[in-house]
Amino acid sequence: MSTVEFTLNGQQVQAPAGRSIFNIAKDLGIAIPHLCHKEGLPTDGNCRACMVEVQGERTLAPSCCRSAAPGMQVWTDSERAVKSQKMVLEMLLADLPEQGHKWLDDRAEAPHGELSQWAEHHAVQVRPALKELRREAVAADLSHPAMAVNLDACIQCNRCERACRDLQVNDVIGLAHRGAHTQVVFDLADPMGESSCVACGECVQACPTGALMPKSHMGPQKVDREVDSVCPFCGVGCLVTYQVRDEKIISVKGREGPANEGRLCVKGRFGMDYIHSPDRITQPLIRKPGVAKDVRLIDGHTDWREVFREATWEEALDAATQPLNALRQQHGPKSLAGFGSAKGSNEEAYLFQKLVRTGFGSNNVDHCTRLCHASSVSALLEGVGSGAVSNPVRDVEHADLIIVIGSNPTNNHPVAATWMKNAAQRGTRIVLADPRVTDIGRHAWRVLPFKADTDVALLNAMLHVIVNEDLCNEVFLRERADHVTELKVHVQAFSPEAMAPVCGIAADTIREVARAYATSKASMILWGMGVSQHVHGTDNVRCLIALASLTGQIGRPGTGLHPLRGQNNVQGASDAGLIPMMYPNYQRVSHPQAHDWFEKFWGTTLDDQPGYTVVEIMHKALADDSDPHKVHGMYIMGENPAMSDPDLNHARHALASLKHLVVQDIFLTETAWLADVVLPASAWPEKTGTVSNTDRMVQMGRQALQPPGDAKPDLWIIQQIAQRMGLDWQYAGEHAGVAAVYEEMRQAMAGSIAGIRWERLEQASSVTYPCLSEDDPGQPIVFQDHFPTSGGRVKLVPAGLIAADEQPDVDYPLVLITGRQLEHWHTGAMTRRATVLDAIEPAPTACLCGPDLQRLGLVPGDRVRVASRRGEIELSVRRDDGTPQGVVYMPFAYREAAANVLTNAALDPFGKIPEFKYCAVRVEKALAVSSGA
Amino acid sequence: MFAMQASSSITHIGLDQVRNQLRRPNPKLKGRQASDEARAEVRALIGLTPVDGHRRDLLIEHLHVLNDHYHALFERHIVALAAEMRLSVVEVFEVASFYHHFQILQDDEAAPAITVRVCDSLSCQLAGSDSLLRQLQRDLGTDVQVIPAPCLGRCEQAPAVQVGQKAVAHATGAQVQMLVAGRDLAPNELPAAQRLHAYRLAGGYVLAQQIVRGERSADAVIEVLEHAGLRGLGGAGFPAGRKWRIVRTQPAPRLMAVNIDEGEPGTFKDRTLLESDPHRFLEGLLIAAQVVGVDAVYIYLRDEYHEARQLLQRELAALLAEPPYPLPHIELRRGAGAYICGEESAMVESIEGKRGEPRLRPPYIAEVGLFGRPTLEHNFETLYWVRELVEQGAESFAAQGRHGRTGLRRFSVSGRVKQPGVKLAPAGITLRELVDEYCGGMAEGHTLYAYLPGGASGGILPARLADVPLDFDTLQPHGCFIGSAAVMVLSQHDKARDAALNVMRFFAHESCGQCTPCRVGTDKATRLMEREVWDRETLEDLAQVMGDASICGLGQAAPNPIRCVLDYFPHEVGAVS
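Those sequence lines, one after another, are chains Z and G.
253 is the number that my numbering gives to position 253 of the first sequence; each next residue is one higher, with no gaps.
Convert by adding 1000 to the 1-based position in the second sequence; the result is the number in my numbering.
Keep in mind that the hints are not guaranteed to be accurate.
[What the hints assert, rightly or not] Residues from chain Z shown here face chain G by an in silico Cβ test under 10 Å; the list is partial:
(1) Ala-49
(2) Thr-59
(3) Asn-170
(4) Gly-174
(5) Asp-228
(6) Leu-856
(7) Arg-878
None of these hints come from the bench; they were simulated from the model.
This structure is a prediction, so every number in the text was calculated from the model and none was measured.
Quick reminder that beta carbons are idealized off the backbone N, C-alpha and C, glycines included.
Just need the whole structure built from these sequences, with the hints factored in.
So, in structure tokens, the structure goes:
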């Protein structure tokens, strides 16, 4: 890098070319006041607090925006420079109120955050003449549940706007009007709580003076401690810092992590107080004798004391384990099953599957990966030999074009979406292919709102264009792909013209997008559950693999395949073997070598047949007694199948039919109501462990608080059960031996994380795998020269058109698509108990577009009954014109209107994933009065 | 809702309090959603969305279309326009609210049938605009909105008024009332302007053609400008030839932006020339575009010049219909009531459809300008000179001048003189000579007391300095500058402090608000200057930080009137000099 030599405060200085004077001064320990400048935000240079004197220039220069030039003579401390620095601080301070909202530490006399700090630095006092001219006070805007807007403390520095627009690209905040009337506004100067604000809180994190503050942390900023951890919600894996006061998390800060760079979304920043909910279970519970497992208990109106009694841990653990042992003895190992959780740590997932495999004695272990990306994983394992992503999300920075298909990233992976929007700002073309036009559509170059269920038609048509217009990367295909000819021949039947009427996208548009994808310097595909949750989910992903392979858009920066993982640890839980067909690190249980290795490693005999998957286990619970594989007893840790499974009436019935059910959770979930024993577990901030995000980063979560009451770390509970099932496990050390568990898991997963010792994680917080040795920095981009398949080549698999299992008809004329919404996570167990998230989205809604509402004689807010062949629910309607005609969209997080009562349990034959994204329903106005605004 | 006491500075919201709020499903997505009706109304005016979306840079043009049609911008249309343009609501609102000619109304408010703008800048104030404004506000009907307006660029016609889009010279209450009553709101016709046909008959566009055909070399043209010493006539005075040389060496594509946002109070030369000889300017523009090699030209015309816009639109259309040779892409853009957009980088932002906030420099517009491309930016008059200089040679121009200065300058003279107007005079002429020789002397009953040599920004000089040559660089020693050569003359009936307050109010009104020194400084200074006795120490401190630390020329020049009053007229403000 070239350097420049110049003079700073009379001293000869050498600095990298292009570096700002401000940063050079900072490097040298010279402090210059600054307010609009913040590390990580684009510089703006508007506050003028950092002015310095440059010899020969007519005016002063803003040091944050000016780089040093050779021979320049700069003074940060000349009389003239300091005069302006001080005047700027005095002018700003003159307009601020006596009392402020962001005290330095706990000092009320320094009430304006960074402005107070710099005023103290320069000993600035506001003269009476300027104090008299203080601007008119403005009323506080407290309309938002999470944030307070006190524009009396605003210095118009623009940091909130840049945070909202340049970083998060939510585009809610702007500066309106001009001159002294310049004002920070939300949308059309609307109250924040009524604006389009998505409450990512980036503005709050950016505000230097407290004009924008989290309501939970105003005034004194002093906290008892700060604990570094990782967010417990989605798969993006944002690093966070908890701020703890009086043994409560009062606020959360985004921390510099490879996936988030300090950014967070509403859940991570404002959704953490579920852990302090009065609903927490704090004592083991045992079902009272004679209380039937009636699914109607789930209605939420029952007092738990009518169903359960409190018990000691000894009693509860015995009550949990003895029936499991008895059932195993009576009906054999296959009569037991376990659901672990993608919300737990890697160590918990590892120990849980080890318990099922070595204690229960079968491979009947699964978790919610079955419900999200099972089909993606089956196609990826088949095609490229690895179920994980090829490139991290942030590789969109290097892509010229990205296809976002079957994904609503701004809601479900909000921070990942920010990187996509940032890329779009810099010119990357986003193609959104989704029946629903979601918020990312505003940033898209092309939007392809194809008909629900016609993914393969659209994708095969694109493949057709690529094959027939000579857009294939033949070198790549020759050197790295198998079954190319079969695929090329297969797609001949799928011309864009033939597929246009099927998928509803014009042939020209298909051609244009296919060409752009194929010819761009780097194209990347990211997808979500819109792709995977179909009976043809595996086929959908086979097409995506074919797209990337035919064009050679894989194995380089800005290319590849990225299934956006849903849960914070769905990647890690699968890696750790929490799936019925594989041991840790995707070693097949039926593979003799793997089987032998694990028998030796765990010192016990193991079942060599794959176990049953989530939905299959529910079926097996209801199987005839003559079925030797009928499931009689289950241990469910942190999963909520009574909300998350399809066709809930069936699934709940299955759970209720079990002879013995042990549920380990932090709340009395819908599933727990059907349990015999409920074990109170720890929430994420109450334990230490690792999780692996969608980018294959293993990240460290640290304990910040003690679990409430008698709740225990999950890792401890698993070990207690194991002990009572006759397993002699020894995991010494703090946090229930988490480091020892991790180190054992590392041996079982040497092929991916051999190089990530526990100590390394403690130090680095985040390490990407594959990481095979101590000095391996981790490999964010894989498949660069080979695929981890048997032959090292990608296997192309053609896909035909398969229709959804259940089609709309006269009785059920609409299509139901289920999914999530920004504020509510999965089954809502956590988020609906988070004060802010609940305040923003307190009740279930069904989204329909304007024309459909009109056709059905509905207005937004009306109560409707939505019915499928499997059940019906009642909720109110919301207008969302991004929803296509003929479709109802519903989040599944709401117990009182559980969307999965309606969904169809039909499975993809390969991934065994249910078809959550398509079933037939009917919508009618409910008789109850409208509760709309 | 869980409203809180606005007065409390520390707010602790208890969980229970939040829980107790009404929990109800939200029937709509977050934020305002565009209604079908409003979207249809917007679409009817701006057209259907092209395949690649609406051009982002046309936002202000679209706002004009709506504002013209509905006499205001209704919130529903802002929301709908955002949806049509695939922008967020705030991206439209922040732009709309920046420009004074856009009046944003809630959907249930009524738009005024007519807006009457009364110029309140210095020359019009001297001519009694304050009382005219009060009179019109009192006498006109309730559906007529009468508002003060910053300089309308008609200082020689003071007091100037605009009724709808019609300019009214030497306005009287009766005259305005008559126009309002007759709903006579259209721009005046400009019959005297030279049209394309006449201009071409008189040899117009021949020079441009010669350059395009290579019959005259581009280098020779630049040399003429350099020998003539032509400098930018918008105020900054950067040598034109050098600018052409700099920009033509930048990587293509290069763009050009033409500044006719003539907003400096006291300045009306560009309007005067444009309204009489538009093609002379257009030919200069085409020559510059050819010599520098630009792909597209954006002409930015201030919104107040409705007559000139009508003329320019018509003449541009005529020219494009019968081009003398294949022309570069030319777009005419409309300002929207923001003085700051006369600052070159603010103008570039405005052409891009954004708030007119000046950019930090470096990088300079010549390197990174409009749409991120190297941009040749010129004031109208600079281009207006080109044909004459090249045809007649540098020598005849350079031979002019007085008191050791060379060249000619156009002065916009207004205030207490007998014959205000645009005066083409030798560079270096003194104020006294200018008034006596070109303006028929002082107005009846007035003797020279003070003058503003360069509009609102150029400072205020006392009569004893009326013999200083007026030109670039000659006034700096006296704390002033000539800028756009807008000379406003004060007499014994006027006070310098009133003039200073008038212009400081103007700056406060027109500050973009981006940087602290200007945003806070102009506002606080105004209030301090309203006081009988000035607080010299505070005003000097404000002046220093504004001059030293503001981002652009507006803030940097804003303290000039403060300093001039304190230096030359301390007796008026009770300040010890």
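Hint-by-hint comparison with the structure:
{"no.": "1", "hint": "Ala-49", "in the structure": "holds (7 Å)"}
{"no.": "2", "hint": "Thr-59", "in the structure": "holds (5 Å)"}
{"no.": "3", "hint": "Asn-170", "in the structure": "holds (8 Å)"}
{"no.": "4", "hint": "Gly-174", "in the structure": "holds (4 Å)"}
{"no.": "5", "hint": "Asp-228", "in the structure": "violated (25 Å)"}
{"no.": "6", "hint": "Leu-856", "in the structure": "violated (15 Å)"}
{"no.": "7", "hint": "Arg-878", "in the structure": "holds (6 Å)"}
Checked against the numbered hints above, the structure breaks hints 5, 6 and satisfies the rest.
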